[in-house]
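Residue numbers (my numbering), protein chains in the order written: chain A, 662 to 1336; chain B, 662 to 1336; chain C, 662 to 1336.
Careful, some of the hints might be misleading.
Which copy is meant is left open, because identical chains are indistinguishable; a pair holds if it fits in one copy or across any two.
Quick list of in silico lysine to aspartate or glutamate cross-link-like pairs, EDC-like style, CA-CA up to 20 Å [claimed, not checked]:
(1) K1159 <-> E688
(2) K766 <-> E819
(3) K959 <-> E795
(4) K903 <-> E892
(5) K752 <-> E819
(6) K1159 <-> E684
(7) K766 <-> E822
(8) K798 <-> D1110
(9) K1139 <-> E1154
(10) K752 <-> E837
(11) K752 <-> D856
(12) K752 <-> E857
In short, the hints are calculated from the structure, not lab data.
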Amino acid sequence: MISNKLPKIFYGGDYNPEQWDQETHREDLRMFKLAGIDIATVNVFAWALNQPDETTYNFEWLDELIDSLHANGTYVCLATSTAAHPAWMAKRYPDVLRTDADGRKRKFGGRHNSCPNSPAYRKFSKDIAAKLAERYKDHPAVLVWHVSNEYGGDCYCENCEKAFRVWLRERYGTIEQLNRAWNTNFWGHTFYDWDEIVVPNNLSEHWGDNNSTFQGISLDYARFNSDSMLECYKLEHAEIKKHVPNSVVTTNLMGFFKQLDYFKWAKEMDIVSWDNYPGLQTPVSYTAMAHDLMRGLKDGDPFMLMEQTPSQQNWQPYNSLKRPGVMRLWSYQAVAHGADTVMFFQLRRSVGACEKYHGAVIEHVGHENTRVFREVSELGRELGELGDRLLDSRLPSRVGILFDWENWWAVEKSSGPTVALNYVDQIHKYYKSFYDRNVQADIVSVDSDFSNYDIIVAPVLYMVKPGLADKLESFVEKGGTFLTTFFSGIVDESDRVKTGGYPGELRKLLGIWVEEIDALFPDMRNKIVVNGEIGNLKGEYECGMLCDLLHTEGAETLAEYGEDFYKGMPVLTRHSFGKGQAYYVASDPEQTFLNGLLEQLCADKDIQPLLNTPEGVEVTQRVKDGEEFLFVMNHNAEVSTYELGGNYVNLLNGDSLSGSTQIAGRDVQILSPAK
Amino acid sequence: MISNKLPKIFYGGDYNPEQWDQETHREDLRMFKLAGIDIATVNVFAWALNQPDETTYNFEWLDELIDSLHANGTYVCLATSTAAHPAWMAKRYPDVLRTDADGRKRKFGGRHNSCPNSPAYRKFSKDIAAKLAERYKDHPAVLVWHVSNEYGGDCYCENCEKAFRVWLRERYGTIEQLNRAWNTNFWGHTFYDWDEIVVPNNLSEHWGDNNSTFQGISLDYARFNSDSMLECYKLEHAEIKKHVPNSVVTTNLMGFFKQLDYFKWAKEMDIVSWDNYPGLQTPVSYTAMAHDLMRGLKDGDPFMLMEQTPSQQNWQPYNSLKRPGVMRLWSYQAVAHGADTVMFFQLRRSVGACEKYHGAVIEHVGHENTRVFREVSELGRELGELGDRLLDSRLPSRVGILFDWENWWAVEKSSGPTVALNYVDQIHKYYKSFYDRNVQADIVSVDSDFSNYDIIVAPVLYMVKPGLADKLESFVEKGGTFLTTFFSGIVDESDRVKTGGYPGELRKLLGIWVEEIDALFPDMRNKIVVNGEIGNLKGEYECGMLCDLLHTEGAETLAEYGEDFYKGMPVLTRHSFGKGQAYYVASDPEQTFLNGLLEQLCADKDIQPLLNTPEGVEVTQRVKDGEEFLFVMNHNAEVSTYELGGNYVNLLNGDSLSGSTQIAGRDVQILSPAK
Amino acid sequence: MISNKLPKIFYGGDYNPEQWDQETHREDLRMFKLAGIDIATVNVFAWALNQPDETTYNFEWLDELIDSLHANGTYVCLATSTAAHPAWMAKRYPDVLRTDADGRKRKFGGRHNSCPNSPAYRKFSKDIAAKLAERYKDHPAVLVWHVSNEYGGDCYCENCEKAFRVWLRERYGTIEQLNRAWNTNFWGHTFYDWDEIVVPNNLSEHWGDNNSTFQGISLDYARFNSDSMLECYKLEHAEIKKHVPNSVVTTNLMGFFKQLDYFKWAKEMDIVSWDNYPGLQTPVSYTAMAHDLMRGLKDGDPFMLMEQTPSQQNWQPYNSLKRPGVMRLWSYQAVAHGADTVMFFQLRRSVGACEKYHGAVIEHVGHENTRVFREVSELGRELGELGDRLLDSRLPSRVGILFDWENWWAVEKSSGPTVALNYVDQIHKYYKSFYDRNVQADIVSVDSDFSNYDIIVAPVLYMVKPGLADKLESFVEKGGTFLTTFFSGIVDESDRVKTGGYPGELRKLLGIWVEEIDALFPDMRNKIVVNGEIGNLKGEYECGMLCDLLHTEGAETLAEYGEDFYKGMPVLTRHSFGKGQAYYVASDPEQTFLNGLLEQLCADKDIQPLLNTPEGVEVTQRVKDGEEFLFVMNHNAEVSTYELGGNYVNLLNGDSLSGSTQIAGRDVQILSPAK
């Protein structure tokens, strides 16, 4: 439970009343009550208000705000306000301003605008975090501490360049080690002194959208940039802990956000929280996967849904309304995947600047007689009635999908063999095969304990870090099922190719040798011809993008290419290794093939769907102290029907359900076995 | 009449003989005579020639040029040559160079290249205007003074930044007022000192093509930039007036040019002039609308067509020839909409640099035996024969279409709800409904006298400036018909939302409340279902882009949505207010619907077409001292037929016309009632 | 023969063992033997290794490398290593870094990164070339000297700006001459001092992708930039010659590479060499044309194929494998067009940085049991067996296609009449008509001796340099056939229009006057209507893009436009001039029309195909001491059949061939008349 002061699913969101007057604020408080809102995130962007100059702090407004919320029965998630530096700071300490990838020094403006290696920013952000912690450490309203906001971006200033050199010296020890790691004898890049190293950006090694002449350098800069921001977070985190040792400290993450290695970040967070803004055409399975990633950051611990919009966004090209019922449906989807809070951006709309057309619980009209407010209130009532029943429950899973940020960076920095390869899309294709059949999967990191799982799927495991191959071998040896794909086992953690034959360190486990990698044009396809049957798979399927030309070395060929000069070569292999099996998918297959393949892998391990449901009806399971909760969510606009194998009660309305069961369009059921 | 020295439609254009030799110039003069050319715009880009250094002026070449033109019977439109600074000036006074939106200091090159807040530019441009005025104040050839050329562009240098702060201090008085106007408590933007404010550009608040994090700041910069250039214009204007109090001073505008608030500029101009360069796929109705905007800048006063190409342009991707007859047709279209001059860019083609493939009266071949020259000469003869009959006539109109530059800036800086909204396209859709039926419309500003009109149409009146709502209420109260659309009444002049319910200050007049605004994807459509009939409208029509979900508060629902969860909500409403009616169009309808709706609004006010003509045949009316002239223009390549209700004489050939009347393809008739 | 030490087609490629260890290098040597590799290009990017600081040189590694290669029987193409400066140099002598077209100073990174006017770069590159020449002048392994690598790019720094002014002073003598050449009275650009001139880039005269406000300035900068790099080449070349007077010195060119005027460069090269990287959809006729251009640079002398990939590239979006047989086929295509070497990039793959996925003779797996290595070895064996038979043979041709770099620059810098005009595509259209019929053509320069040819084709001869018109007139007068097209004869070498009627100086030769030039939209077409018959041409054909409206002045009209207001005007003319004929093609025709037209021109001159072959089967002829070799290359994947008129022996396998002859898919035959 995040806080025993509020033993229920927190309900609320971002609230910035410093933008309006007291009268409006009082009206807000009245409406919070109406809507069942019990937590407000405050002080996210008020640094300039809190600190009008180097030496003056002014928290009176915040005292009043927090007190008035508390008096109203609304708890507080207290932000540290450091996500946008004040204008005076940019003017007097220009080192706080970032330099962009084109080497351009920024001017004051926007947000998330501070250089993470700026001495001034580090000093002032640390100081204000300390001031806030000291002042509010005992305030009964404060349940969670929220450091900065949506960390992201990058900087290429001189301070970053110098800090990068220090970071490199710590990583490599000697310049010779660095030269080796970066293969600097290529293109005459040999460095003789740390000070010769410059940041890789559009003025040095980068060009175009995502291209680098030296992947190793770029990879280290990506690590360094993620670490630099993490340092900023840790500075504030430490100040809070100094004053409030038992505090719950978080910062709001952003799902599959490329720039920051969230597995590393999560180690420094007391609870994971994140902002869920599906684009207007984002598949619901993708949102589900993002929730699972966030849950996976701390090995299955519940997380906070820190932000979602009640209806519209404003930064999409076309910002359509959430249709009636969708806000409730997606809120429960978060809970169904491990969230213990449902929070919005934002509680009231701004009147000026770029987010004024972003949806809010309280719209510009200012009163409660709106569709959006009615839907919010209805959900508030439901969450109140659920109480603490679901809190702290876990999602049991026997399938792990391996995801790795550094691998993501490396795969997509690669020059060749194809620009079509998108790492997260590949992860999603495999995830979706489980999702569509209501088989629960965890997203795991290379550091996770694989022994918790029967199946580990690792699409495009391009970079094999030290020890990983051994760990995977041991997992399979003991009976685990492992699957990986084309473009795996190619490089080490410095993006240096492991010579001696692809897939490098995974070759022994997989029992294959990949001789060549063909890249297909977008309109080209090859065929997968199944040898006999693999579960329900037989006959031919399409594949494309990349096609490995491989030779088996102990593995069995389950399917072959059907076209081109490598027709008849293996495209799907299985290698018996110890008590387990290692699969290799040598090309990018159509979804149907993957679905059949993973169904069979599950069947081999006796992993069954939670329920069999029609398309668009999602099911997850949370378990707490042996009690099981099935979440059934109908993403279709129309009613759907599915079969229940036992007797259940729907926690949301007390209905008893069994046998052939209906669920209304966009409705949610939380089923508990009838006693 | 622009000048009683030349009591006819001026005919001529830009002439830059400093690019070639005397012999060629003498040949030009001979050919001007042949073509009936009686005015030449000179000295547009000759600053470097006129002033070889800080202290030296050299006007001998210009004396000779003007004298030789005058001796030839050709009058002069005398430019001040300040549209491109000399290279020596850029070298010795680098503050004349602009800094672009990416913060890059420009080098010498191009044209329209001077920073409008450069002290050196202001000094030197003022000085040369004074020198020219003094020198040519009594020259009998000079009819019009032409300041600079096609003002435009923007600058983000330090001088502009400082000037912006001064401009803001004048606008807001205190920093607190500015903070309020810009809603700076959003994203921690509070300013404590004027010097903390920086220019909004791609290094601060802007990104992408047209996006800003702080619309209020960007809006003020747009105002400031327009004002800064206007200051430059006014400096030169004042110098000319000092020496030539009765001079006619202008600068050439560019129609729907976004950067400059021409309504404000026109107040400082003795006559409006503009350059008409329809793109190759520009609808003729759009060109007509642009002429009407130019006429509207000074409340219906005739304007100068300062530039058009005799045939080709050069800056289009594909520069096709004007087909035979088109140059004459489009020249008369200008006159038909209020032009009292027909002028070309250019009289002779350059041989070098980027405009050498732009069409000219005298082509590179250098003689008169070309199709283009023959067409120009024929038109010259006709204009000579027309004499002063049409000069100074006006276009009577009972329909006003409200257009506002600041609204344009604000609408298209908005972050959400849709990127698809283009303000001028919306204006054009409504304009076209009148145009296609030969109903004359004026483009009016928020400062215009609405009592001159029976109908005011104000599409997307997003920003409602102080006093405008009252003015519109008063207009309707007295019997006027007002129509506005979705995304109206939302913000004040600082782009702050008027809370309490959309459409804000227009809510009372329109009798509605807009609860939500849905944004549709480009391929999505909703339906307009007409309740009964509205004139000829009945049944269903398509709409899209934005869909307001609105409630009537006194208004009558004339049509409803036919699809989606808001099916049955009003999409067209009418509110009786005093003696008049206020209409609200809640979505973006197909053109047919608008045509029918506006036809009915006209019918209700007994506004009839000038003539009923087939598609592509445009009609306007100019009136002078009670005498009416009907311009009939056939934009089709083939002959068309229309019905005349009385007896007319075609001024262009003396033909008597009545009843069923033919007009040849691309032909023009100017009809005067037979006496 | 390039070297009598190795009297055969050189076989080898780039080799950079400084990236790996000695053991790997020894394995490489073993495999070179297996593959028949006899030359390795070394030291291309090893500057940082060779020179760790200003005063220290370290060539021991290179001594060992060259010695070990030589001991192994592998010769050396010795590069000077100056294609990428060391990091220490960038740090200590920042003038070596380039400034890009946006005025941004680069940082250390990438390659081909040195400012060509940097004093430090010129000094250090000259010095190291001298050191290398001195050290290896007598080494028996060294056959060819390879200066730098793939010169290209541009720089806009202050040193370049100053050097540009000096270059201009040398070109024009006086500022008045420069002002005249650039037509600076346009847009007030008059220069009074050399120091007022700035480099034309995106901060001054350029914008967008390829646009300039002053074509004359941009053209001179393109010349200057090509010359600046050539100066760098010449500095190194001179140092080598100083020590090794009989050396063969080259630098690797890149076919139709726009930035450098290779005709000028070739004058300074002992042998032309180039890198052939067809994109994945490059037509084989385009590759053939590029080989012919490279051969044409030195009037038909054999050239070196310095680089090609054994299989994959890495910098394409989709890097597909070369299908079996294609590497051999394309290698022989190079030889068939004049190459006397077959060399690869690269002999072994890197393990790190951006080219690690580029194909190599030795793949990452490191052994010889790969498809690629087998194909390389097989070709090595064949080339060994061919010995010196083909060396130094020439390709006889009676057709010249005129190509000119400055014309290329000028055509594509033009503002108007169309953006659709691509000079090389036009050259290729005409080339392809000859190619498809196995009629051998040379690519010639304006300086070539036209009297070697019966037909000169000069598509889009926009810029007519001094003396060229006379030279062409003399060619035709004596009986030659000349053909040119629309957009020819327009400007002089400063991009100034030749007034008095297009096509300017070519008007007399062609007997026409072009009055207007219409530009068509991409989806628009006109028709060519043939008057009677021209060889096999009759009836109607399509044309588009540009359409000249022309009048004959002595020429005969062979075909007319079939559409638009200029229907009936000439679109193809022929002018008898002296003993010859001059053709003018006034629009851009479909390929079929060109094929028919050029077939007829050949027929008139009794120029016959080498062989008649089906589509996709290419034929060329090399001749040496009267001995003829026919190269027959089947680019189809399937077997093809053609007719031989005599008895031949296939040099590649000794087969006797005559009459109806088969050639396997992707196979090559080298036919010598049976004796």
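Now the hints, each set against the structure:
no., hint, verdict
1, K1159 <-> E688, "between (65 Å within a copy, 17 Å between copies)"
2, K766 <-> E819, "both (10 Å within a copy, 15 Å between copies)"
3, K959 <-> E795, "neither (28 Å within a copy, 64 Å between copies)"
4, K903 <-> E892, "within (16 Å within a copy, 58 Å between copies)"
5, K752 <-> E819, "both (18 Å within a copy, 14 Å between copies)"
6, K1159 <-> E684, "between (67 Å within a copy, 16 Å between copies)"
7, K766 <-> E822, "both (14 Å within a copy, 16 Å between copies)"
8, K798 <-> D1110, "neither (36 Å within a copy, 63 Å between copies)"
9, K1139 <-> E1154, "neither (26 Å within a copy, 71 Å between copies)"
10, K752 <-> E837, "between (41 Å within a copy, 19 Å between copies)"
11, K752 <-> D856, "between (29 Å within a copy, 8 Å between copies)"
12, K752 <-> E857, "between (31 Å within a copy, 6 Å between copies)"
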